[in-house]
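Student: Sequence:
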Amino acid sequence: MTTVSIITPVYNDFSGLRETVDSLAELSTKIDWEHVVVDNGSTDDTYERAERYVADRLEGTVLLEDKIQSSYAARNAGVRHSDGDVLAFVDADMTVPEGWLEDALDAFRAADADYMGCNVELEVPDDPSLAARYDHHSGFPVGHYLEHQRFAPTCCLFVRREVFADVGLFDHRLTSGGDKEFGNRVARAGYDLHFAADVTMHHPVRDSLGALVRKDLRVGRGLCQLQRYHPDRYGTPGIPPRPSGVKQPDPGLERRERLAFGALETALTGVRGIGYYREYLAGKRGRKPTGSIPSLAE
13 MTTVSIITPV
23 YNDFSGLRET
33 VDSLAELSTK
43 IDWEHVVVDN
53 GSTDDTYERA
63 ERYVADRLEG
73 TVLLEDKIQS
83 SYAARNAGVR
93 HSDGDVLAFV
103 DADMTVPEGW
113 LEDALDAFRA
123 ADADYMGCNV
133 ELEVPDDPSL
143 AARYDHHSGF
153 PVGHYLEHQR
163 FAPTCCLFVR
173 REVFADVGLF
183 DHRLTSGGDK
193 EFGNRVARAG
203 YDLHFAADVT
213 MHHPVRDSLG
223 ALVRKDLRVG
233 RGLCQLQRYH
243 PDRYGTPGIP
253 PRPSGVKQPD
263 PGLERRERLA
273 FGALETALTG
283 VRGIGYYREY
293 LAGKRGRKPT
303 GSIPSLAE
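Once you know that position 147 of the sequence shown is 159 in our numbering, the rest is easy, because the numbers rise by one and skip nothing.
Among the clues, some could well be false.
Simulated pairs of lysine to any residue, SDA-like, Cα-Cα distance not exceeding 25 Å [claimed, not checked]:
1) Lys227 with Lys42
2) Lys227 with Gly111
3) Lys79 with Lys42
4) Lys227 with Tyr241
5) Lys79 with Gly111
6) Lys42 with Tyr241
7) Lys227 with Leu158
8) Lys296 with Arg254
9) Lys42 with Arg145
10) Lys227 with Gly274
11) Lys79 with Thr187
12) Lys227 with Arg162
The following label-pair restraints were derived from C-beta to C-beta distances [stated by the list, open to error]:
13) His156 with Ser27: 29 to 39 Å
14) Pro153 with Ser220: 21 to 31 Å
15) Asp118 with Pro153: 22 to 32 Å
16) Leu134 with Gln161: 16 to 26 Å
17) Ser307 with Asp244: 53 to 63 Å
These are calculated hints, taken from the structure and not from any lab test.
Being a predicted model, the structure only gives us computed values, none of them experimental.
Cβ coordinates follow ideal geometry from the N, Cα and C atoms, glycine included.
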């Protein structure tokens, strides 16, 4: 009988974690599963509150990974300290319907999958801001990522434990792009990547320009780090890759909205460039690659 470990990294976001825990507590399933939360060195009271809340709601485990500031390091700690045959990754602030785990595992078994991404729907608040409308319009095209870029985001990912034993864990040196690097590594090892289009999870939109800017700065840094640590696959640092995530506004939008989205996309592409070159210059000033991709056995 398959067992599942649901792993959730969190950093300074107890309210988001609470939403995730509450939705997992409503799961209706006979599957043997556990919830492992990994705090990545929060500077507020997230860790202490999570310990109490997760124990009360789910009898889950809360770990602390404060040696390496990286969501991928937190996920690695969760993998190592869990027992499931299948690892399911769900970010803090995401929610799932009560039949989600049953449906996901059914899809996983039907496809005889080793690596699977789920569908993600973005939730828009009432009276959404421009940033929220843009983020929702941009979407979360997990199927496109799997088909064209050979990865699924770590917020909606199922992986068989044997895959980690074979190819290693996430690259904790990356600020962003660790999901892409891991998925590409899995694909290169010969595993099939599967998309569960009918298994849906929910994620709130980023509803402020500041949140969009922070995300794209992080993505830009990650693009440079991918080249620094994996030049054989992603190219030489200093020459940024062609933007793969530029999204053209739907021509069916009202003209004002289409123009606003187009301007915002152009600006955020520039923000990614700033993040890239900040990281590049930091490397030129002496920051050297350290460590390597950890193994499951370490």
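Student: Work down the list of hints and note, for each, if the structure agrees.
Tutor: Checked hints:
1. Lys227 with Lys42: violated (37 Å)
2. Lys227 with Gly111: Given that 25 Å is the threshold and the Cα spacing comes to 31 Å, the pair is violated.
3. Lys79 with Lys42: Answer violated: Lys79 to Lys42 is near 36 Å, above 25 Å.
4. Lys227 with Tyr241: holds (21 Å)
5. Lys79 with Gly111: Between Lys79 and Gly111 the Cα gap is close to 36 Å, so the pair fails against 25 Å, i.e. violated.
6. Lys42 with Tyr241: violated (42 Å)
7. Lys227 with Leu158: holds (21 Å)
8. Lys296 with Arg254: holds (22 Å)
9. Lys42 with Arg145: violated (38 Å)
10. Lys227 with Gly274: holds (18 Å)
11. Lys79 with Thr187: holds (15 Å)
12. Lys227 with Arg162: holds (21 Å)
13. His156 with Ser27: 29 to 39 Å: holds (30 Å)
14. Pro153 with Ser220: 21 to 31 Å: holds (22 Å)
15. Asp118 with Pro153: 22 to 32 Å: holds (23 Å)
16. Leu134 with Gln161: 16 to 26 Å: Between Leu134 and Gln161, where Cβ atoms are some 19 Å apart, the hint holds.
17. Ser307 with Asp244: 53 to 63 Å: This hint is violated: roughly 19 Å between Cβ atoms.
Checked against the numbered hints listed earlier, the structure breaks hints 1, 2, 3, 5, 6, 9, 17; every other hint is satisfied.
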